[in-house]
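Asks: In terms of the UniProt record's numbering, the sequence shown has 22 at position 22, counting the first letter as 1, and numbering is strictly consecutive.
Keep in mind that a hint or two might mislead.
To be verified - Taking lysine to any residue and the SDA-like style, the derived pairs with C-alpha atoms no more than 25 Å apart in a straight line are:
(1) K32 x P60
(2) K11 x A66
(3) K11 x R105
(4) K32 x P2
(5) K11 x T37
(6) K32 x S10
(7) K32 x Y78
Said to hold, decoys possible - Computed Cβ-Cβ distance ranges for the label pairs, DEER-style:
(8) T64 x R38: 16 to 24 Å
(9) R94 x P3: 31 to 39 Å
(10) E91 x L34: 22 to 30 Å
(11) V55 x P35: 30 to 38 Å
(12) H36 x T64: 16 to 24 Å
(13) D98 x P3: 36 to 44 Å
Hint data in this document are derived by calculation from the structure and do not stem from the laboratory.
C-beta atoms are modelled at their ideal positions from N, C-alpha and C, and glycine is treated no differently.
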Amino acid sequence: MPPSHRWLASKVVLYWEDLDSYGLYILDTVRKYLPHTRSVLMDIDTARDHDALAVEEPNPSRFTPARLTSGEADALDYLRSHSAGGCLRIEQERIVFDYAVERLRGV
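Hey, can you work out the whole structure from these sequences and the hints?
Replies: Spelled out as structure tokens, the structure:
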């Protein structure tokens, strides 16, 4: 981790990104340096609850997760297995607002 980012090691770090292969890849990479990072709305429940809003992800990442939780890895598997072209994407701005607020309050 770059010295300028070491202060994050003692902080609560939350991560929320598009629910797709690259969002989960970035989360996996962040945990290499900040293993205590907690994701929000990046799990299997969110994927299932919002799959009607999913679109095909162009050029999805084919990474093998090393640092995802089981719920995050399950979400990635779900997005990959329900895609016609490689992986689905659920953009974070398409998540139902009240659903997001409820989940964020639980953090």
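Asks: When the hints from earlier in the document are held up against this structure, which numbers fail?
Replies: Hint check: nothing fails, all pass.
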